[in-house]
Amino acid sequence: MTKQLTIRPAAVGKVEANVYLNQTAKGYYDKLAKRRQMLIVLPGSMFTDKHAGGWIPDNLDVLTREGYLEKKANGYLVLKPVCGSPSGTAAAILGKDGPGKPSGFLLWTFPDGRTIAEAGEKPK
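Residue numbering for the sequence shown follows numbering that gives the first Met the number 0, starting at 0 and increasing by one per position.
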């Protein structure tokens, strides 16, 4: 891979979802990981294809060519785990339908409904 990706393949073993974004994505959040590896988006999740431009469409195209995502009529299906920052992954999942500058710490939620920030799990 020659291009530096904001959302990239995740080198992880089997992990269980511990955070969710709407009904479209499930992930594994690790507060102690490096920022761009904190959020692993798990297989079965969907990234929207509705983006205004910028880095996200390029990232999604590269990950599709490498077999991590599959292009569908309504977006991109995650086939293999990919990782990024909580905000970067939220921006790619929600696209133009989400907030202009999403804070993943306020959007990803634990099963009890609390956001990462509300649960006190945002790094200091």
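Simulated from the structure, these hints should not be mistaken for lab results.
Hints may be right or wrong, so weigh each one.
[Stated by the list, open to error] Label pairs and their computed distance ranges (CB to CB):
(1) N73 to P122: 28 to 38 Å
(2) T5 to L76: 13 to 23 Å
(3) K95 to R35: 32 to 42 Å
(4) G66 to R113: 30 to 40 Å
(5) P56 to G119: 13 to 23 Å
(6) F109 to R64: 11 to 21 Å
(7) G119 to G52: 29 to 39 Å
(8) A51 to Q22: 29 to 39 Å
(9) R64 to G112: 14 to 24 Å
[Stated by the list, open to error] In silico lysine-lysine, DSSO-like type, Cα no more than 27 Å apart, as pairs:
(10) K121 to K100
(11) K13 to K71
(12) K71 to K25
In this text, a Cβ means the ideal position worked out from N, Cα and C, and glycines have one as well.
We went through each hint and held it up to the structure:
no.	hint	verdict
1	N73 to P122: 28 to 38 Å	33 Å, holds
2	T5 to L76: 13 to 23 Å	19 Å, holds
3	K95 to R35: 32 to 42 Å	23 Å, violated
4	G66 to R113: 30 to 40 Å	34 Å, holds
5	P56 to G119: 13 to 23 Å	34 Å, violated
6	F109 to R64: 11 to 21 Å	33 Å, violated
7	G119 to G52: 29 to 39 Å	35 Å, holds
8	A51 to Q22: 29 to 39 Å	23 Å, violated
9	R64 to G112: 14 to 24 Å	37 Å, violated
10	K121 to K100	17 Å, holds
11	K13 to K71	25 Å, holds
12	K71 to K25	18 Å, holds
In this structure, the hints that do not hold are numbers 3, 5, 6, 8 and 9, in rising order.
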